[in-house]
Amino acid sequence: MAALAHASPDGVGVALSGLTKSFQGEHRTVHAVRGIDVSIDLGETVALLGPNGAGKSTTIDMLLGLQDPDAGTAHLFGGEPKDAVSAGRVGAMLQTGQLIRDVSVRELITMVASLYPRPLGVDETIGLTRIDEIADRWTQKLSGGETQRARFAIALVSNPDLLVLDEPTVAMDVESRRAFWTTMRDFAARGKTVVFATHYIEEADAYADRAVLMAHGRIVADGPPTEIKAMVGQRQIRATLPDAELPDLEALAGVTRAERRGESIVLTCADSDAAIRALLARFPDARDIEIAGAGLEEAFVELTGVEDGE
Amino acid sequence: MNVATYTRFELLRTLRNKRFMILALGFPLVLYFMIALPNRHVHSLGGTGISAPLYLMVGLVTFGTMNAVLGAGARIAAERAAGWNRQLRLTPLSPRAYFRTKVLTGYMLALLTIALLYVSGTLLGVRLSAGEWLRMTVLILIGLIPFAALGILYGHLLTPDSIGPALGGTTAALAILGGVWFPITNGVMHDIAQVLPSYWLVQAAHIGIGGNGWGARGWIVLAIWTVASAYLARRAYERDTKRA
Numbered sequence: 001m002a003a004l005a006h007a008s009p010d011g012v013g014v015a016l017s018g019l020t021k022s023f024q025g026e027h028r029t030v031h032a033v034r035g036i037d038v039s040i041d042l043g044e045t046v047a048l049l050g051p052n053g054a055g056k057s058t059t060i061d062m063l064l065g066l067q068d069p070d071a072g073t074a075h076l077f078g079g080e081p082k083d084a085v086s087a088g089r090v091g092a093m094l095q096t097g098q099l100i101r102d103v104s105v106r107e108l109i110t111m112v113a114s115l116y117p118r119p120l121g122v123d124e125t126i127g128l129t130r131i132d133e134i135a136d137r138w139t140q141k142l143s144g145g146e147t148q149r150a151r152f153a154i155a156l157v158s159n160p161d162l163l164v165l166d167e168p169t170v171a172m173d174v175e176s177r178r179a180f181w182t183t184m185r186d187f188a189a190r191g192k193t194v195v196f197a198t199h200y201i202e203e204a205d206a207y208a209d210r211a212v213l214m215a216h217g218r219i220v221a222d223g224p225p226t227e228i229k230a231m232v233g234q235r236q237i238r239a240t241l242p243d244a245e246l247p248d249l250e251a252l253a254g255v256t257r258a259e260r261r262g263e264s265i266v267l268t269c270a271d272s273d274a275a276i277r278a279l280l281a282r283f284p285d286a287r288d289i290e291i292a293g294a295g296l297e298e299a300f301v302e303l304t305g306v307e308d309g310e
Numbered sequence: 311m312n313v314a315t316y317t318r319f320e321l322l323r324t325l326r327n328k329r330f331m332i333l334a335l336g337f338p339l340v341l342y343f344m345i346a347l348p349n350r351h352v353h354s355l356g357g358t359g360i361s362a363p364l365y366l367m368v369g370l371v372t373f374g375t376m377n378a379v380l381g382a383g384a385r386i387a388a389e390r391a392a393g394w395n396r397q398l399r400l401t402p403l404s405p406r407a408y409f410r411t412k413v414l415t416g417y418m419l420a421l422l423t424i425a426l427l428y429v430s431g432t433l434l435g436v437r438l439s440a441g442e443w444l445r446m447t448v449l450i451l452i453g454l455i456p457f458a459a460l461g462i463l464y465g466h467l468l469t470p471d472s473i474g475p476a477l478g479g480t481t482a483a484l485a486i487l488g489g490v491w492f493p494i495t496n497g498v499m500h501d502i503a504q505v506l507p508s509y510w511l512v513q514a515a516h517i518g519i520g521g522n523g524w525g526a527r528g529w530i531v532l533a534i535w536t537v538a539s540a541y542l543a544r545r546a547y548e549r550d551t552k553r554a
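Chains as they are written, first to last, in our numbering: chain A, 1 to 310; chain B, 311 to 554.
Don't read these hints as lab results, they were simulated from the structure.
Think of the CB as a built atom: it goes at the ideal place given N, C-alpha and C, for glycine as much as any other residue.
There's no promise every hint is true.
Some chain A residues near chain B, calculated using beta-carbon distances under 8 Å [as the list claims (entries may be wrong)]:
{"no.": "1", "residue": "42"}
{"no.": "2", "residue": "66"}
{"no.": "3", "residue": "69"}
{"no.": "4", "residue": "85"}
{"no.": "5", "residue": "98"}
{"no.": "6", "residue": "103"}
{"no.": "7", "residue": "112"}
{"no.": "8", "residue": "231"}
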């Protein structure tokens with residue numbers, strides 16, 4: 001039976017099909033997930049990318065069997081999520097959640113490890129997640145970022161075939177983030193399937209084999225992160241420039257769209273490096289120049305043409 | 311999977327919770343010494359032939375063990391508030407095994423309460439036969455079963471803010487109405503007491519003072535409380551799970 005449980009004939013780790021979920025909000029029904037189809041192969045690292053409210057966490061809850069879908073199915077390794085969970089094949093770091101108190105981090109990892117059939121060693125896990133310095137502290141004495149790292153260790157100690165991480169780096173500082181992703185990559189390199197939700201395009205680009213882009217409960221793009229990044233990773237240049245004509249601005253290298261807002265102009269760019277050079281060459285009197293990455297929310301509006309929940 | 315390891319740490323972490331330990335274990339002990347110590351030479355309380363230290367010991371054993379077992383509710387409520395129950399649902403730990411760890415932990419604490427009070431009683435001159443000690447203890451542990459189910463029910467219904475007063479109020483009411491503090495032997499109060507699990511817990515402890523334990527009625531009342539509380543606890547757990 002154990003051998004059967006490990007073999008997945010078609011090599012699919014996660015299969016979501018027609019997945020749908022609504023909640024009764026205070027004033028209206030919230031359609032959190034509106035029919036999602038995703039298939040993730042064994043060994044793949046996939047980013048679930050989208051702004052807040054895109055339906056990522058609800059999708060992950062259904063994927064893990066924490067919530068039942070209104071319609072559609074979620075399968076892990078060809079079976080029900082709860083069977084994969086019972087077999088100890090799933091490790092997860094949910095978006096919200098504190099640790100229980102009055103235990104050290106090491107003890108808590110030991111506790112959780114004892115629930116799994118083939119866990120990693122406790123010391124190995126502590127080394128892998130680089131939390132040696134907090135391993136003997138009480139869980140209630142940890143900072144937000146340290147709690148996240150301890151939670152990651154708890155997800156890893158089960159030695160799961162599928163690792164699911166929901167916005168894992170939210171409370172972490174820059175250094176913790178780097179350590180976190182290094183660990184995640186090392187773990188994925190063992191042939192594990194990894195799904196992580198994020199609203200940072202850079203994280204998807206740097207650490208995923210594939211990005212699934214969600215907005216308003218639907219999948220709007222699914223492909224290599226570089227392609228997704230090209231779709232949504234546009235930058236905007238803002239400058240005070242009263243006397244420029246929009247057609248002239250749009251003709252500049254790297255610029256896809258130009259708008260005027262009073263004395264200011266806003267250039268949406270596919271290549272902001274080329275655009276800023278062209279702008280200054282043509283209009284040397286441009287001032288108050290700002291270059292900013294367009295937020296994911298703006299990018300989604302661009303992609304989907306939808307402003308609101310409907 | 312090894313639930314023993316999980317339970318061991320669960321117990322350890324409860325023993326480290328100072329507030330709980332002071333209230334659940336310290337309080338009955340302090341109360342015992344405060345009242346029993348000055349009265350340790352009262353050998354026949356109100357002409358009953360029962361010494362003050364013995365009478366107070368069996369009374370506080372019921373109160374202390376009730377608190378110890380119901381305390382599982384407070385731990386469950388805290389875990390729910392922290393989202394830890396969601397994390398546990400992503401492990402192979404089955405709901406059944408989860409409840410087993412909670413009940414086991416409560417029982418370990420009850421045993422600790424019993425041991426501490428027995429030792430304290432002995433220090434103040436209580437002497438019982440081995441058979442009495444044993445019969446009393448076994449029956450108390452059985453009488454605690456409905457309280458374990460009640461604790462789980464409370465844990466899944468209430469928040470950490472409300473569970474303290476709820477448990478405190480429940481134990482106070484069950485203790486008074488069940489005759490933990492004052493003997494209830496007749497009248498309407500006796501009729502009420504007889505349908506409460508605390509009354510039968512007191513009867514179990516009163517083996518130490520010459521009581522006969524339970525008749526059929528006691529077993530039936532305890533069985534009904536156990537089944538009803540366990541059923542409601544299960545419902546509350548399932549409702550909780552659906553809400554995710």
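Violated constraints from the hint list, given by number and in increasing order: 1, 3 and 8
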